[in-house]
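Student: Below, each chain spelled out in residue letters.
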Amino acid sequence: MAVSESEESRKRGVVAVVEPAGHKLPLSMAGPGAMGKTGYWRTQRPVVNTEKCTGCYLCWLYCPDNVIEMVPGKGPRGQDIPVIDYDYCKGCGVCAAVCPVKAIDMVDESKFLAKEKEEGDGNA
Amino acid sequence: MGMPKLLAMRGNEAVAYAAKYARVEVVAAYPITPQTIIVEKIDELISKGEMDAEMIHVESEHSALAATYGAAIGGVRAFTATSSHGLMYMYEVLWWTAGSRIPVVMAVVTRAMGPPWNIHVSHEDILATRDTGWLVSMAENNQEAFDLTLQMFRITEDPRVYLPGIVGLDGFILSHTVEPVELPDQETVDEFLPPRRQPYVMEPGEPKAMGNLVPDEYFEELRMDMQQSMENAVKVIREVGKEYAKYFGRDYSDLVECYKCSDADYIVAGTGSWMGDAKIAADKLREKGYRVGVMRLRWIRPFPWSDVREAAMSKRAVIVMDRSLSTGHAGPLFLELSSALEAKPSMIGVPAGIGGVDISYEDIERFTEKAIQLVEEHGRVYIPAMWYHLGKIFPTYPSSHVKLD
Amino acid sequence: MAVNIKKLPKKPYVMPGHAACPGCPESMGFKYLGMALGDKAVVVIPAGCSSVIQGLWPRQGFGLPILNIVFAAAASTASGLARALKRRGVDAQVVVWAGDGGTADIGFQALSAAAERGEDIIYICVDNEAYMNTGIQRSGLTPYGAWTTTTHTGKRQFKKPLPQIVAAHRVPYVATTSVGYPWDFIAKLKKAASIRGFKYIHLHAPCPVGWRFDPSLTAKIAQLAVETGAWILYEYENGKLRLNPPSNRLIDPEKRKPVEEYLKLQGRFRHLKPEDVEMIKKEIETNWEEITRALKIQGDL
Numbered sequence: 000m001a002v003s004e005s006e007e008s009r010k011r012g013v014v015a016v017v018e019p020a021g022h023k024l025p026l027s028m029a030g031p032g033a034m035g036k037t038g039y040w041r042t043q044r045p046v047v048n049t050e051k052c053t054g055c056y057l058c059w060l061y062c063p064d065n066v067i068e069m070v071p072g073k074g075p076r077g078q079d080i081p082v083i084d085y086d087y088c089k090g091c092g093v094c095a096a097v098c099p100v101k102a103i104d105m106v107d108e109s110k111f112l113a114k115e116k117e118e119g120d121g122n123a
Numbered sequence: 000m001g002m003p004k005l006l007a008m009r010g011n012e013a014v015a016y017a018a019k020y021a022r023v024e025v026v027a028a029y030p031i032t033p034q035t036i037i038v039e040k041i042d043e044l045i046s047k048g049e050m051d052a053e054m055i056h057v058e059s060e061h062s063a064l065a066a067t068y069g070a071a072i073g074g075v076r077a078f079t080a081t082s083s084h085g086l087m088y089m090y091e092v093l094w095w096t097a098g099s100r101i102p103v104v105m106a107v108v109t110r111a112m113g114p115p116w117n118i119h120v121s122h123e124d125i126l127a128t129r130d131t132g133w134l135v136s137m138a139e140n141n142q143e144a145f146d147l148t149l150q151m152f153r154i155t156e157d158p159r160v161y162l163p164g165i166v167g168l169d170g171f172i173l174s175h176t177v178e179p180v181e182l183p184d185q186e187t188v189d190e191f192l193p194p195r196r197q198p199y200v201m202e203p204g205e206p207k208a209m210g211n212l213v214p215d216e217y218f219e220e221l222r223m224d225m226q227q228s229m230e231n232a233v234k235v236i237r238e239v240g241k242e243y244a245k246y247f248g249r250d251y252s253d254l255v256e257c258y259k260c261s262d263a264d265y266i267v268a269g270t271g272s273w274m275g276d277a278k279i280a281a282d283k284l285r286e287k288g289y290r291v292g293v294m295r296l297r298w299i300r301p302f303p304w305s306d307v308r309e310a311a312m313s314k315r316a317v318i319v320m321d322r323s324l325s326t327g328h329a330g331p332l333f334l335e336l337s338s339a340l341e342a343k344p345s346m347i348g349v350p351a352g353i354g355g356v357d358i359s360y361e362d363i364e365r366f367t368e369k370a371i372q373l374v375e376e377h378g379r380v381y382i383p384a385m386w387y388h389l390g391k392i393f394p395t396y397p398s399s400h401v402k403l404d
Numbered sequence: 000m001a002v003n004i005k006k007l008p009k010k011p012y013v014m015p016g017h018a019a020c021p022g023c024p025e026s027m028g029f030k031y032l033g034m035a036l037g038d039k040a041v042v043v044i045p046a047g048c049s050s051v052i053q054g055l056w057p058r059q060g061f062g063l064p065i066l067n068i069v070f071a072a073a074a075s076t077a078s079g080l081a082r083a084l085k086r087r088g089v090d091a092q093v094v095v096w097a098g099d100g101g102t103a104d105i106g107f108q109a110l111s112a113a114a115e116r117g118e119d120i121i122y123i124c125v126d127n128e129a130y131m132n133t134g135i136q137r138s139g140l141t142p143y144g145a146w147t148t149t150t151h152t153g154k155r156q157f158k159k160p161l162p163q164i165v166a167a168h169r170v171p172y173v174a175t176t177s178v179g180y181p182w183d184f185i186a187k188l189k190k191a192a193s194i195r196g197f198k199y200i201h202l203h204a205p206c207p208v209g210w211r212f213d214p215s216l217t218a219k220i221a222q223l224a225v226e227t228g229a230w231i232l233y234e235y236e237n238g239k240l241r242l243n244p245p246s247n248r249l250i251d252p253e254k255r256k257p258v259e260e261y262l263k264l265q266g267r268f269r270h271l272k273p274e275d276v277e278m279i280k281k282e283i284e285t286n287w288e289e290i291t292r293a294l295k296i297q298g299d300l
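One line per chain: the protein sequences are A, B and C, in this order.
Take 0 as the starting number for the first sequence in numbering that gives the first Met the number 0 and just add one per residue.
Take 0 as the starting number for the second sequence in numbering that gives the first Met the number 0 and just add one per residue.
Take 0 as the starting number for the third sequence in numbering that gives the first Met the number 0 and just add one per residue.
It is worth saying that the hints were derived from the structure and are not from the lab.
Incorrect hints may have been included.
Claimed, not checked - Quick list of in silico lysine-lysine cross-link-like pairs, DSS-like style, CA-CA up to 25 Å: (1) B:207 with C:39; (2) C:154 with C:189; (3) A:101 with C:9; (4) A:36 with A:116; (5) A:36 with C:9; (6) B:234 with B:245; (7) C:39 with C:154; (8) C:6 with A:51; (9) B:369 with B:314; (10) B:207 with C:10; (11) B:207 with C:254; (12) C:281 with A:51; (13) B:207 with C:85; (14) B:207 with C:189; (15) C:39 with B:47.
Kindly generate the complete structure, drawing on both the sequences and the hints.
Tutor: Structure below.
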């Protein structure tokens, strides 16, 4: 049992005692993969050319799937660079389209699939 | 501790006072006859500083329940009231509230559904809530409207239940009629009604989602949990009803009120204010030598299955008064009682009083006597709809296996 | 309020692996919502794409508390929730995140009433210009000429001028914005959160599936809508209208890109006849005329 109350509500006596009591509830918690490994949806894979990348963060900003993480200082010129989570990237290509220096190439996913098959790794 | 005080008031005012005593924090409502006085009274109590609550003056009943639900899921006791078309306009929100497992209390002042426009009593509105997952109760008088409302907060907020609840009171017959109502003192109410409990609160912090998609299997399990909670509610209602007697002297531990049932051969069953008239009719019939009892359903949901069976299973006949009709079949209460009683007694359904047509105890006496005669003449009968209208019996669909006129 | 992109919160307000289609403007927009308001936000979402984007129990794809609600009831549910949290002394910002149908059509009555009551909420209309979740049906916010699955030869009516309609309720803050300009949206959200009372933000959200364009172009198309003048960025603060960049530089039609550049990228406009394009241009001109008239009355032009 938890009591959810603020200082003010305690003063006024307005408390909500929260007690799930073992019921099944229509509640979900935030977390990755609410629709599974959405990387499987991908037909095109964004590949970052770190040489060209200026670390401007636009790809990170616009990515609708939030699969881009900016890693500080890891670029060849010490710039922040994007790292893409291919487990979840749907390959929409928004990152490539917004990149002002064309540092992201969209590459046919089948190439990677073939390669991964060769290497005996089935993960797309 | 203060003393309770006896005041004369209309049923709607009694309900408004119950919301005040329950320390309701947010009320959202929309005007509809015959419910409106409840909201007017609450607004008055707030304006006078007698009730510390906020009124959300919404633009529709759909929004009334949605705003009430929004407040309740945000962690405060919330209340609304409606009637008839207003209740139907809320209909999808009824389901949403129950499915969310958020305790909310609502008064439904019963009224006919149009067209044509009719503001008078009928149970067409309230009985349409049977499948929604709300607890549904019906008051017989203004005191009970007050008492049920107060209890409903405690019952719905019981962790074994966590379902919203409706208190029904008959339009005009109770809503606009002055009766003596005993109001308790606040301290006693505070002892009886603990701080609000609910299964979760929507507030900043934990990034949870209420109501996003679930696998169908889990959806069904959520419904199973609701059904289990309804079963729990039977127990909780009894406990709370008994406790209520301790604090306020009136016992509500029975989901079904039985009047002279034990020695009765014939049971008149139904719900709402007209069951008071049914009791007078029973006495009159007893004077004529028929052993008649009255079984009043105080609760429609959870359906008082075992109480009903205990009270009426072994009787010769059950005559069900229905102020509503599932058009194309029979009265909803007739269908439910026939099922609960496995139609072992003779079952006679009497749709009557629909749209506010006045039904006196003499009317009830008349159709009950007719039903008794049919049983005496034919032995076991099963008559879904023996419509009683202006002193006459009207055979109607589904056709009866015995001739009714 | 200038927005430094690199200093925006890194906390995920949209979770990888949610259920949105590739290139979805709604999940894009939701990120900015989280970045702007942070963990104080509680979001009420009526039926629509964003109900589905959350994905499947036991997970959900948004990094904020979400209260899903029936289609017509977002503004009223948010009203009740905001009142309750305030009464409990909880520091929260209740936000409605609704689609164009949920706002301009089925949810309009509740929206108008909440605005009239001055409820302390931020209402965001995520406008992808049709009922996308049910499969691209026409809404009151579908623009003239657009193909949908219920306007096979193109819609013959104009888009409801919703921001102006809400502004006519004399609420303290109304703004338009676009997923193509996250900094604009974030700044407006922050401003809205600082104002008490009813705030309305209309977010233009180009949908690759419904508008028939390549999913990589979501942000680009959103920007083209603004650059061509088809979508105008402005805000009403206590009734005072202000154009925001880049729209403030586009009053002169000469400065705008030709609208054809915006239309030609979208399959939903493929069937347009020259006279349809003229009608669209006329609609754009009408919108701009209204804006400039208001600015002149204010003495700002």
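Student: Does each hint fit the structure? Answer for all of them.
Tutor: Consistency of the hints with the structure:
no., hint, verdict
1, B:207 with C:39, "13 Å, holds"
2, C:154 with C:189, "35 Å, violated"
3, A:101 with C:9, "24 Å, holds"
4, A:36 with A:116, "18 Å, holds"
5, A:36 with C:9, "22 Å, holds"
6, B:234 with B:245, "17 Å, holds"
7, C:39 with C:154, "40 Å, violated"
8, C:6 with A:51, "22 Å, holds"
9, B:369 with B:314, "17 Å, holds"
10, B:207 with C:10, "16 Å, holds"
11, B:207 with C:254, "46 Å, violated"
12, C:281 with A:51, "43 Å, violated"
13, B:207 with C:85, "20 Å, holds"
14, B:207 with C:189, "23 Å, holds"
15, C:39 with B:47, "34 Å, violated"
Checked against the numbered hints given earlier, this structure breaks hints 2, 7, 11, 12, 15; the rest are met.
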